[in-house]
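Colleague: Residue numbers (the working numbering), protein chains in the order written: chain A, 224 to 653; chain B, 224 to 653.
In case anyone wonders, no lab produced these hints; they're calculated from the structure. Please note: incorrect hints may appear among the correct ones.
[Unchecked claim] Think about it this way: if two alpha-carbon atoms lie no more than 20 Å apart in a straight line, the pair counts; the simulated DMTMM-like pairs of lysine to aspartate or glutamate are: (1) LYS502/B with ASP571/B; (2) LYS366/B with GLU324/B; (3) LYS405/A with GLU362/A; (4) LYS244/B with ASP303/A; (5) LYS572/A with GLU454/B; (6) LYS405/A with GLU365/A; (7) LYS240/B with ASP303/A; (8) LYS244/A with GLU226/A; (9) LYS244/B with GLU626/B; (10) LYS572/B with ASP303/A; (11) LYS437/B with GLU498/B; (12) LYS530/B with ASP303/A; (13) LYS502/A with ASP468/A; (14) LYS572/A with ASP571/B; (15) LYS572/B with GLU454/A; (16) LYS572/B with GLU451/A; (17) LYS572/A with GLU451/B; (18) LYS572/A with GLU305/B; (19) LYS572/B with GLU305/A; (20) LYS458/A with GLU480/A; (21) LYS572/A with ASP497/A; (22) LYS437/A with GLU498/A; (23) LYS437/A with GLU392/A; (24) LYS572/B with ASP571/A; (25) LYS405/B with ASP395/B.
[Stated by the list, open to error] Examples of chain B residues toward chain A, derived with CB under 10 Å: (26) LEU519; (27) ARG554; (28) ALA631.
[To be verified] Estimated spans, in silico, between C-beta atoms of each pair: (29) SER239/A with GLY640/B: 30 to 40 Å; (30) LYS244/A with THR614/B: 33 to 43 Å; (31) THR614/B with GLY385/A: 24 to 34 Å; (32) LYS244/B with LYS458/A: 22 to 32 Å; (33) GLY385/A with PHE653/B: 43 to 53 Å; (34) LYS572/A with LYS502/B: 24 to 34 Å; (35) ALA534/B with ASP439/A: 57 to 67 Å; (36) ASP533/A with GLN391/B: 37 to 47 Å; (37) LYS244/A with PRO450/B: 31 to 41 Å; (38) LYS366/A with PHE653/B: 31 to 41 Å.
Each residue gets a CB set at the ideal place from its N, CA and C atoms; glycine is no exception.
2 protein chains.
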Amino acid sequence: MTETFALKGNICYSESKTRIKTVHGYAVCSGGISRGVYESLPEEFSAVPVYDFGDSLIIPAMVDLHIHAPQYAFRGTGMDYELMQWLCNAAFPEEERYADEEYARRAYSVFAGGLRRGATGRACIFATVHRRATEILMEEMEKSGVVSRVGKVNMDRGAPQGILESAQESADETVHWLEDVKGRFSRTAPILTPRFLPGCTDELMHRLGTIREKYDLPVQSHLSENPEEIELVGKLFPQADFYGDGYDMYGMFGDRETHGGSVRTIMAHCVWSDEREVKRLYENGVFVAHCPGSNLNLSSGIAPVRKYLDAGIRVGLGTDVAAGHSDSLFRTMTDAIQVSKMYWRYVDKGAAPLRFEEAFWMATRGGGEFFGRVGGFDTGYAFDALVIDDTSLRSPRELPVPERLERAVYLSLDITGGIKAKFVAGSRLF
Amino acid sequence: MTETFALKGNICYSESKTRIKTVHGYAVCSGGISRGVYESLPEEFSAVPVYDFGDSLIIPAMVDLHIHAPQYAFRGTGMDYELMQWLCNAAFPEEERYADEEYARRAYSVFAGGLRRGATGRACIFATVHRRATEILMEEMEKSGVVSRVGKVNMDRGAPQGILESAQESADETVHWLEDVKGRFSRTAPILTPRFLPGCTDELMHRLGTIREKYDLPVQSHLSENPEEIELVGKLFPQADFYGDGYDMYGMFGDRETHGGSVRTIMAHCVWSDEREVKRLYENGVFVAHCPGSNLNLSSGIAPVRKYLDAGIRVGLGTDVAAGHSDSLFRTMTDAIQVSKMYWRYVDKGAAPLRFEEAFWMATRGGGEFFGRVGGFDTGYAFDALVIDDTSLRSPRELPVPERLERAVYLSLDITGGIKAKFVAGSRLF
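Pulled out of the complex, with its shape left as it was, chain A reads as follows (with noise of 0.2 Å):
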């Protein structure tokens, strides 16, 4: 990790939100942080290794804020239904099969070996209820290179017996969980996961309340994705103003400021937030995880993101296998920009499409700041990195970096075989 190289290859990342900086040169990396991106290696970094990577293309590794990994297991079947439907016939019955530590163990290595090979350098992750399975989890992240944040899940109604808990036990197994983890791992950490308001009660978001005070932990759920979602939230929390408003309740929507620094929250979706939700959301600093694919697949509708970036919120990018059935965020990406279209077409003239650069941020830096100082090659950003090697996708003549980084991505090179080398905080993966 005190270890400093630089690569070298044509260097892209977001300069802003509207602009990506394109450098022919090196990027530098000492003890796993970026130390900045030259066209030609200063003099102090003159006798450092250089991996050469050529015509390359190098990325920031990104950021996925939202996927459930022992959803894995099923990606890209099951998707003929709405989401209450979805989770009843084809999440919840999986889920229930990580009571089994040996099969828990399988499936992660799975998931885990999947988010090696792929474009994701950091991830906030589900897990299910059971503690074992997702101690199980946090091993196999651990071993895979990606940083993540894991969460044992806590839901004490609404689903099947298996994967329930009372809001007693949904407590002190979160609590066990938390000791039985800590200082265990390096790249992985836990992050408190009410699975969604419908699947908690109030004595149970009470009590992760609490547990989030004495543990300082970030929070991660989804919000308003569905319309007979949020009706049903609506009848099982009717003290909350709105959806959002029953997480900020108990001190589960937002920031929650540290000794020195201050732990997240994360809420998957947003679709259907309203104008009072919107400005929570604004007010909190929570980020917005962004999941196109899922949203799409489950017809739960089109998050206003152009909407949210405008307002200044913190919006990410997230897979959400598997309602989205892809763990790509080269696919995300470009879902992104394609439903971003539907929406001005359909839904509101005033919000303008999302264009390439906006998506490229949201799975770099967007989501990246969940992280610290990720998803860029500035000086003193971690060190998180793809080189994609494009030379499969032929062409009869040559096209500038600007252009062939957004052809990888659509072309999604992430999955066949694009990327040649990997790094998340200065180890190289692969």
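With chain A held as given, fit chain B onto it using these hints.
Modeller: Below, chain B alone, put in the same frame as chain A:
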């Protein structure tokens, strides 16, 4: 071509629009034609060579009803435009290059190679206005093994000078081309290709109508893709009742009965067809090439495919490279399903989302009908097949064949090396 053989594996093909038949057994081919699917090989075929593909999936090779060969060169780039801007900034400048035969040879060899490796067994292809380049494309397609209809584009207005001809010139060159290619190829044949109404004067349309009659040609063009385009058609063809009527006036909107058969018409997009146009599409037996990926990328909208299917209109899929960024029909299938869900959500709650089986049907039988008895393994159908090895998709448990098929499509096995063998009209491409 007189060879008889059988493929062994998990054979999957559409029995109807809503049902996929799966048989672990044998698909028999004789002389390029399917002789049926069997759980065990009947006595009459007991001596034929069997290619055993073990647990692989065997499905019909797919049909791409709409793709632009010259645009393949910039696929996956220039995705931040709407139709008319995209034509001017991305498509037309590239198409001008095909005046250069060397460039055309290089570009079309890349294009044909791409189709050969992918899921496409048959395709209807736009070239450019250039006669020689169109013939080069046909030579490359002939070599590829993929069966195709290729069209020299006709356009005499609304484009840069380099890709315009006068009406007279355009008609003359078309006849020249038709005479040139007569009897030259076994796998490719010409199709009349007025680019779209805004690009053709009355005079040109009239001349093309005459050519169609003389040469018994099928037709391909674009229809009602974008509101701005439709408005332009209204101005340019005030005599037409609606966009499609403008084609119909010149005999280029539907089947033309010929000696012992019929030559057909494909209209790409049909996103904004009004009731009169929908009625005419049905009455005239026009094939709709549904191009959901393209319609997303160019912010065009969502074609009401559920309505077309319910109305008995012929519908197949088109990748529409390069407004569609990928030549993958697997991707196009999932795009079709996803956009139908947004159509249901935002436009018409009466239009049920497409199911996987329906998308599979459109990609095989729906588009296949354009080529005759194509898109299934029923006795008498052309023997077009893909062998899909999905072992790269690891899972902790065994999935049933229908789920494996859905997963193979959603997870793009066609572009990740999953196609292990491909047959078109009984010939093995690899």
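Colleague: Which numbered hints does this structure break?
Modeller: Failing hints, ascending: 8, 11, 20, 22, 32 and 36.
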